[in-house]
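Each protein sequence line maps, in turn, to chains Z and B.
According to this note's numbering, the first sequence is numbered sequentially starting from -17.
According to this note's numbering, the second sequence is numbered sequentially starting from -17.
It should be emphasised that the hints constitute simulated quantities derived from the structure, not laboratory data.
Treat the hints with care, since some could be wrong.
To be verified - Here are the simulated lysine-lysine pairs, DSBU-like style, with alpha carbons at most 30 Å apart:
hint, chain 1, residue 1, chain 2, residue 2
1, B, Lys223, Z, Lys273
2, Z, Lys132, B, Lys265
3, B, Lys152, Z, Lys216
4, Z, Lys152, B, Lys212
5, B, Lys223, Z, Lys152
6, B, Lys262, Z, Lys152
7, B, Lys276, B, Lys214
8, B, Lys132, Z, Lys276
9, B, Lys132, Z, Lys209
10, Z, Lys220, B, Lys262
11, B, Lys265, Z, Lys152
12, B, Lys152, Z, Lys223
13, B, Lys132, Z, Lys152
14, B, Lys152, Z, Lys265
15, B, Lys152, Z, Lys212
16, B, Lys132, Z, Lys273
17, B, Lys152, Z, Lys273
18, Z, Lys276, B, Lys212
19, Z, Lys152, B, Lys152
20, Z, Lys219, B, Lys152
21, B, Lys273, Z, Lys152
22, Z, Lys223, B, Lys273
Stated by the list, open to error - Partner residues aside, some chain B positions facing chain Z, computed with beta carbon under 8 Å:
hint, residue
23, Asp22
24, Arg87
25, Trp227
26, Ile239
27, Leu240
28, Ile272
This structure is a prediction, so every number in the text was calculated from the model and none was measured.
The C-beta atom is built at its ideal place from N, Cα and C for all residues, glycine as well.
Number of protein chains: 2
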Amino acid sequence: MLRAGVDLGGTKIQAVITDEHSKVWGTYRCFTPQEGGPADVCDAMADAVKQAMADGALSYDDLIGLGIGAPGQIDLDAGTVSNAGNLPNWMVTYPLSREMTARLRVPTYLGNDVQVAVNAEVSLGAGRPYNSMLGVFCGTGVGGGVVINKELWIGRGAAGEIGHICVQTKGGAPCTCGRTGCMEAYAGRAAMEIQAREWFAEGRPTELFDIMADKGRERLASGVWYKASKHKDKMAKKLIKRAVWALGSGIGSAVNILDVEAVVIGGGLGLRLGQPFVDKIEKAMMPHLIKPAKPPAVLLAELGDLGGALGAGLLVPTPAAAS
Amino acid sequence: MLRAGVDLGGTKIQAVITDEHSKVWGTYRCFTPQEGGPADVCDAMADAVKQAMADGALSYDDLIGLGIGAPGQIDLDAGTVSNAGNLPNWMVTYPLSREMTARLRVPTYLGNDVQVAVNAEVSLGAGRPYNSMLGVFCGTGVGGGVVINKELWIGRGAAGEIGHICVQTKGGAPCTCGRTGCMEAYAGRAAMEIQAREWFAEGRPTELFDIMADKGRERLASGVWYKASKHKDKMAKKLIKRAVWALGSGIGSAVNILDVEAVVIGGGLGLRLGQPFVDKIEKAMMPHLIKPAKPPAVLLAELGDLGGALGAGLLVPTPAAAS
Chain Z
-17 MLRAGVDLGG
-7 TKIQAVITDE
3 HSKVWGTYRC
13 FTPQEGGPAD
23 VCDAMADAVK
33 QAMADGALSY
43 DDLIGLGIGA
53 PGQIDLDAGT
63 VSNAGNLPNW
73 MVTYPLSREM
83 TARLRVPTYL
93 GNDVQVAVNA
103 EVSLGAGRPY
113 NSMLGVFCGT
123 GVGGGVVINK
133 ELWIGRGAAG
143 EIGHICVQTK
153 GGAPCTCGRT
163 GCMEAYAGRA
173 AMEIQAREWF
183 AEGRPTELFD
193 IMADKGRERL
203 ASGVWYKASK
213 HKDKMAKKLI
223 KRAVWALGSG
233 IGSAVNILDV
243 EAVVIGGGLG
253 LRLGQPFVDK
263 IEKAMMPHLI
273 KPAKPPAVLL
283 AELGDLGGAL
293 GAGLLVPTPA
303 AAS
Chain B
-17 MLRAGVDLGG
-7 TKIQAVITDE
3 HSKVWGTYRC
13 FTPQEGGPAD
23 VCDAMADAVK
33 QAMADGALSY
43 DDLIGLGIGA
53 PGQIDLDAGT
63 VSNAGNLPNW
73 MVTYPLSREM
83 TARLRVPTYL
93 GNDVQVAVNA
103 EVSLGAGRPY
113 NSMLGVFCGT
123 GVGGGVVINK
133 ELWIGRGAAG
143 EIGHICVQTK
153 GGAPCTCGRT
163 GCMEAYAGRA
173 AMEIQAREWF
183 AEGRPTELFD
193 IMADKGRERL
203 ASGVWYKASK
213 HKDKMAKKLI
223 KRAVWALGSG
233 IGSAVNILDV
243 EAVVIGGGLG
253 LRLGQPFVDK
263 IEKAMMPHLI
273 KPAKPPAVLL
283 AELGDLGGAL
293 GAGLLVPTPA
303 AAS
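Build out the structure end to end from the sequences listed, making use of the hints.
Right under this line is the structure:
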């Protein structure tokens, strides 16, 4: 029995093929089409699944379903995705489930990209030993999720917006959401880049944009931040320090409300900056805890770049084991 | 079948006698002894229960148990309470369950004072129609609780410290917990009083302390804040506005993480300032919501001053109904 999981991001598509124990049998990763429309993105996803099947020399007879972790607004009943601003011409409501099932001839299951990644960490990754967990994923923005009694708590569908904890109500930095003072305004890559460009335009020195150009990128990707901080670039270090400061406060607040057993740090930027980043966040969180004698474990996400796709694979129900 | 519930506060003891449907049959309220020790407090609680029984002309044969909502550190297994700083000479570990059972000859059940009050609101009060709820109780401090799937979520025992969401990480007001920028630093009566005394000492005009003296109080009790704001006292209005500002931000952050269906505002100050206070908090919360199209209901606690005692009564297990 095999299931396919696809993490559909604005930059990359990651596909993974797993068995019922979530053991990985094949993977494939490609860039997300930046032009065209939803149908082109579906073609690319179908191709990624086929390449991942080929990677493991697997038989289609064993494939029982496809799970997709998608951005935008998902209608689970209708199997549609709309308002996916990071994907080309995808503000429309598009029948993603139907289109993928037509391409791969297996049932398709949809989930929110961040929620499936949090679910993967608690089911298969760093959160496995815990009953309650807070996932904090630093990428372009800061997303996350709350796990209560081993289950992702989604509220009325919108829970987990941890990036929009307000850590500085008065005089806070502008957030890409239009508000000010959100954790994401300090710890989301998009907001960090806006601040860096502003300072750079003012003539403050930094290697960030040289490194970006060297890597042939147009954005300050996670690897750019990593390399600049390794080079002891002052601006990069200052902005990462600011991110840690905001994450410490916001995560501390969330822990004071929820008293979770563990906090798992992931996302593109989180994974790239790795354990030293996690250690700094833990240190910054401690002074905010009202019960510092019993802090939660603060851990790096264990599943790395595959987390989202593995979590998407978990959307596919496995048949009850034959007794 | 009758059960007794006692809300043990630093200022007052509230007792209530209810039946298995939480219908109220008798109540009694008295001041908490400010001198002596735990045994004197127990005597006062036992007397309050007896007076509440007398209030309803009830028979002791029907009383099946006593629940107490207590401050301090509670050991449920041992039936003890320690570190209750608001009670006279109660930093020791005191066998509260055993002592009350000896006095009233019924089993005694203990619970955290704030948690039982939140539980009362979701079981019997404003939170009844909802599956998920955030309780925010503004009194001396700001306490609260998170209700998920109709159950109070206590984490590893310390969840619900909503007063210590940090709303202003840099340059925040000093909190009575020793940190700065906590919601309680703006919206807890103790912190508000410290700020008012500081401003008054600097010569800023206010009626607050005259009203306090007129009422024969030594502290700025909730009624003092209420009366001063009715008199359009500038300092009182300013500090209440600041409290609303902090509550709007902190509650907004909590809603962004948890997407609860309802927020219930209670506590001594919350109840006294009432619906206009709740309306202002709701208005201050809205700009912080990442999904403003689907805000939670923001409601005044329905059980008023009896909430804590009713919640304490719920700690007493009811015998399975005879079929």
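Identify every previously stated hint that the structure contradicts and give their numbers, smallest first. 2, 7, 9, 10, 13, 18, 23 and 24
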